[in-house]
Amino acid sequence: MKRRNILLSATMIGLGFASAAFADGLPPLAQKDTYRVGFAQMESNNPWRIAESKSFVDTAESCGWELIATDAAGSAAKQVADVESMIAQGIDVLFLPPREEKPLIPAVKRAQAAGIPTFLVDRSVDPNAAVAGVDFVAFLGSDFIKQGQQVAEWTIANFKGEKGVIVELEGTTGSSPANDRRSGFDDAIAADPRFEIVASQTGDFARDMGRQVMETLLQAHPDVNIVYAHNDEMAIGAIQALELAGRKPGEDVMIVSIDGTRDALQAIIDGKMGVTVESSPFFGPLACETMKRYAAGETIEPWVQVSDRIFTVENAADHIDEAY
Amino acid sequence: MSMTTSEITGKSMLQVLRGHGGVVALVAILLFNMAFTPNFFQLQTLFVNISQVATIAIVAMGMTLVIATGGIDLSVGAIMALAGALAPLIFLSEFGTAYPVLGVALAIALPLLVALACGLFNGIMVAKLNVQPIIATLILFISGRGVAQVLTNGNLQTFSNPQFSYLGTGKILGLPFQGWLAVAIAVVLYLVISRTTFGRYVLAIGGNERAARLSGGPVARVKIGVYMICGALAGLAGLIVVAINSASDAARNGSLMELDAIAAAVVGGALLQGGRAPIFGAILGAVIIQLVKYTLLANGVEDEVALIAKAGIILVAVYVQQARKE
Numbered sequence: 001m002k003r004r005n006i007l008l009s010a011t012m013i014g015l016g017f018a019s020a021a022f023a024d025g026l027p028p029l030a031q032k033d034t035y036r037v038g039f040a041q042m043e044s045n046n047p048w049r050i051a052e053s054k055s056f057v058d059t060a061e062s063c064g065w066e067l068i069a070t071d072a073a074g075s076a077a078k079q080v081a082d083v084e085s086m087i088a089q090g091i092d093v094l095f096l097p098p099r100e101e102k103p104l105i106p107a108v109k110r111a112q113a114a115g116i117p118t119f120l121v122d123r124s125v126d127p128n129a130a131v132a133g134v135d136f137v138a139f140l141g142s143d144f145i146k147q148g149q150q151v152a153e154w155t156i157a158n159f160k161g162e163k164g165v166i167v168e169l170e171g172t173t174g175s176s177p178a179n180d181r182r183s184g185f186d187d188a189i190a191a192d193p194r195f196e197i198v199a200s201q202t203g204d205f206a207r208d209m210g211r212q213v214m215e216t217l218l219q220a221h222p223d224v225n226i227v228y229a230h231n232d233e234m235a236i237g238a239i240q241a242l243e244l245a246g247r248k249p250g251e252d253v254m255i256v257s258i259d260g261t262r263d264a265l266q267a268i269i270d271g272k273m274g275v276t277v278e279s280s281p282f283f284g285p286l287a288c289e290t291m292k293r294y295a296a297g298e299t300i301e302p303w304v305q306v307s308d309r310i311f312t313v314e315n316a317a318d319h320i321d322e323a324y
Numbered sequence: 001m002s003m004t005t006s007e008i009t010g011k012s013m014l015q016v017l018r019g020h021g022g023v024v025a026l027v028a029i030l031l032f033n034m035a036f037t038p039n040f041f042q043l044q045t046l047f048v049n050i051s052q053v054a055t056i057a058i059v060a061m062g063m064t065l066v067i068a069t070g071g072i073d074l075s076v077g078a079i080m081a082l083a084g085a086l087a088p089l090i091f092l093s094e095f096g097t098a099y100p101v102l103g104v105a106l107a108i109a110l111p112l113l114v115a116l117a118c119g120l121f122n123g124i125m126v127a128k129l130n131v132q133p134i135i136a137t138l139i140l141f142i143s144g145r146g147v148a149q150v151l152t153n154g155n156l157q158t159f160s161n162p163q164f165s166y167l168g169t170g171k172i173l174g175l176p177f178q179g180w181l182a183v184a185i186a187v188v189l190y191l192v193i194s195r196t197t198f199g200r201y202v203l204a205i206g207g208n209e210r211a212a213r214l215s216g217g218p219v220a221r222v223k224i225g226v227y228m229i230c231g232a233l234a235g236l237a238g239l240i241v242v243a244i245n246s247a248s249d250a251a252r253n254g255s256l257m258e259l260d261a262i263a264a265a266v267v268g269g270a271l272l273q274g275g276r277a278p279i280f281g282a283i284l285g286a287v288i289i290q291l292v293k294y295t296l297l298a299n300g301v302e303d304e305v306a307l308i309a310k311a312g313i314i315l316v317a318v319y320v321q322q323a324r325k326e
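Residue numbers (my numbering), protein chains in the order written: chain P, 1 to 324; chain Z, 1 to 326.
Please keep in mind that the hints were generated in silico from the structure rather than gathered at the bench.
All residues carry an ideal CB built from backbone N, CA and C; glycine is no exception.
Among the clues, some could well be false.
Per the computed footprint, the stretches of chain P lying under chain Z, defined by three or more beta-carbons under 8 Å from a beta-carbon of chain Z, are [to be verified]:
id : segment
1  : 46-55
2  : 190-203
3  : 239-245
Residues from chain Z that keep clear of chain P, each with C-beta distances beyond 12 Å, as calculated [stated by the list, open to error]:
id : residue
4  : ALA98
5  : ILE135
6  : ARG195
7  : ALA251
8  : PRO278
9  : ALA309
10 : LEU315
Next up, chain P with everything else stripped away, as it sits in the complex:
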C-alpha cells in the first residue's frame, strides 16, 4: 500500500513535468550532458552481435553516456533479470534488443513503469502485447522483408541465364529475420517466371550448417545456379561446399545474401559472391541521435528505420575496411 502511494506520488511529480511526449503515456527524458544508459545485449556468439555491442561502447563517450552493458548469453530469462538490475541501478534510458518476442514484454513494461524511456533495438516484441509509442518509445531496426526484396530485385536484374534454379538457405527456424527474409525474397522472385526455388532448408544462420546443407542440396539438385542465403555466414559455407564439389561460385552459381560482413565483402571482391544487402549492426550513432531527439521533446516515429546499403563488386572494396 505504502509502495503504491510512493509510486503514485512519483507519477504525480512526473505529471508536473508533462511534455508533448508524455501526453501519450511515455516517460519524459530531461536534456542533460550525461546520461546513465543501459544496453542489455542478448548474446555475443556471432560477429554481428559483437559489432553491435562494440558500436554502443564506441558511441558512449561522444554521446555523453555512462554505459551499463550486460550480456544475457542467449537466455531470455537472464535478459529480463539484467533489465531489472539496470532499473535498480537508476538508468535514465534503456536500449534493449529483445531476444524473443513475448518473454521480454514484462521487462519493457517494468522499465516504463519505473519512468525509463525504452528503445527496442534490431528486434521487436509482440505487437499485440506492447506497442511502440505507448509501451516503449520506438523500435530501431532494419526492414527484414525489404532486405529479402532487395536481394530478389538484384537477382532478377543481374541474372543473365534463361532459367534460375534457386536453393534457399534459411536462418534459425521461427526467428523473425528468417521469416521476413524468406517472405520478402520469395514474393518478389515469384514475379519473374524465369526463377524457381527448388529447395529451401534451414542452415541456422551458421557457416558449418550452411555448408553441410548446401553439400546435400547440391547433390539432390545439381542444376542449381543461384544460392540465396539469409546471412553471410551461411553464404560463405555454401561457397565452400560449391568449391569442394568442383563448382565455381560466382561463375556457374550466383551467390546472393544479407548482412555485409568482412568475409562476404572479400568474397564479392574475389568474384565469388554477387551481392550482400547490408543489415547494419552499427546502432550506436542512431541510438544516440534518436535519444537526443526524444530528450528535445520530439515525437519519435514508432519504427526508426535503418537505411541499409547494397554491397556489390562496384563498392565492396570501398567498404571492406569498415566491415566487421
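Go by the hints and put chain Z onto chain P.
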C-alpha cells in the same frame, strides 16, 4: 515336421536380424535412396557423406571405448570447441605467421595435447575421485566451451591457411582425408581392443568392475586412458571441423556432438552398461545417422523432422539390444 523347420528358420532369421540390425538398416536406407533420392549413386554423394560423417565417427569411436567401461563422456563437444578455438590462435599468432610450417604443426599438436589433458581431467575425476561419469564430464561440458569463448572473446575466427585446411578438405585417391583418418583410427582401436591387455581390461571393467579390481587389474589407469583417448579424438574432430570451414566458431563447434556420438555408439551396438566395444559398429552407427539426415534433407524434409527420425533410430536400436540381452 515341416512346421518345426520353418519355425527354426524363422527364429534364426530373427536372430540374424538382431545380430546385424545395423547392417540391415543400412541396406534399407541405401535401397530407399536408390529408388527415391535423385543423383544418389555418384562418387560426389559418397564424398559429401564421408566428409560429413568423419567427425561423428571419430568422436563416436572414443565414446564407444568410454561406454565400454560403463562410463559416458558428455564433454566431447566442448573439447571440440576448445581444440578448434586454439588452433587458429596458434597459427595466426606472430610466431605462427613467422614460421608457417612450425605454426601449423603446433596448431595441430598443442590443441590435441590440451584435449588429452581434458581427457586426463575427466579420467581422474571418474577413476580416482569416484565421481559419477555423467557429473564428472558435465564439468568440462559446461566450462570447456566457456573457456573456448573466452579465449576468442566469443568472436568467430576466420582464416585462410591451405596447409591446415588439408585436415578437412584434403583428398587421397579422390576421397576425403578425414575419411581415411577415421578408418585408420578404427583399425588401430580395433587392434588395441582385441589384441592388447589394455583392451581386455576395458571390456573387463565394463563387464564387472569389482571383479576386474579384485583380480588385480589396473582399473584406474585403464579408465583414465580411455577418457584420454576419447578426449584426444574429440580434439581431433574439433580441428577437422575448423579446417573444413576455414573458421572457428567456439559457440557452435561440436554443439550437440555428445548426443550424436552416444547415439552412433548405441546404434552401433555398444551397451550403456559397458562390456562391449564395437569399434566398427560405431562407424556403422554414425553412417546410419548421417545417411538418414542426408536422405531427409535431399528429399526436402525439414531438419527438425530429421531430429525426430534420429530419435526413432535410437529407440529401435535400444529395443533390439534389450531383446538380445534376454
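Hints versus structure:
1. 46-55: holds (count 3)
2. 190-203: Since 3 is at least three, the answer is holds.
3. 239-245: With 3 residues in contact (Cβ-Cβ under 8 Å with chain Z), the coverage given for the segment 239-245 of chain P holds.
4. ALA98: 24 Å, holds
5. ILE135: At about 22 Å from chain P, ILE135 of chain Z clears the 12 Å cut-off, so the statement holds.
6. ARG195: The claim stands: ARG195 of chain Z keeps its Cβ more than 12 Å from every Cβ of chain P (closest is about 36 Å).
7. ALA251: Violated: least Cβ distance 4 Å, not greater than 12 Å.
8. PRO278: With a cut-off of 12 Å, PRO278 of chain Z remains clear of chain P, as the shortest Cβ separation is near 26 Å.
9. ALA309: Check passes; 15 Å lies beyond 12 Å.
10. LEU315: The claim holds: LEU315 of chain Z sits with its nearest Cβ about 24 Å from chain P, beyond 12 Å.
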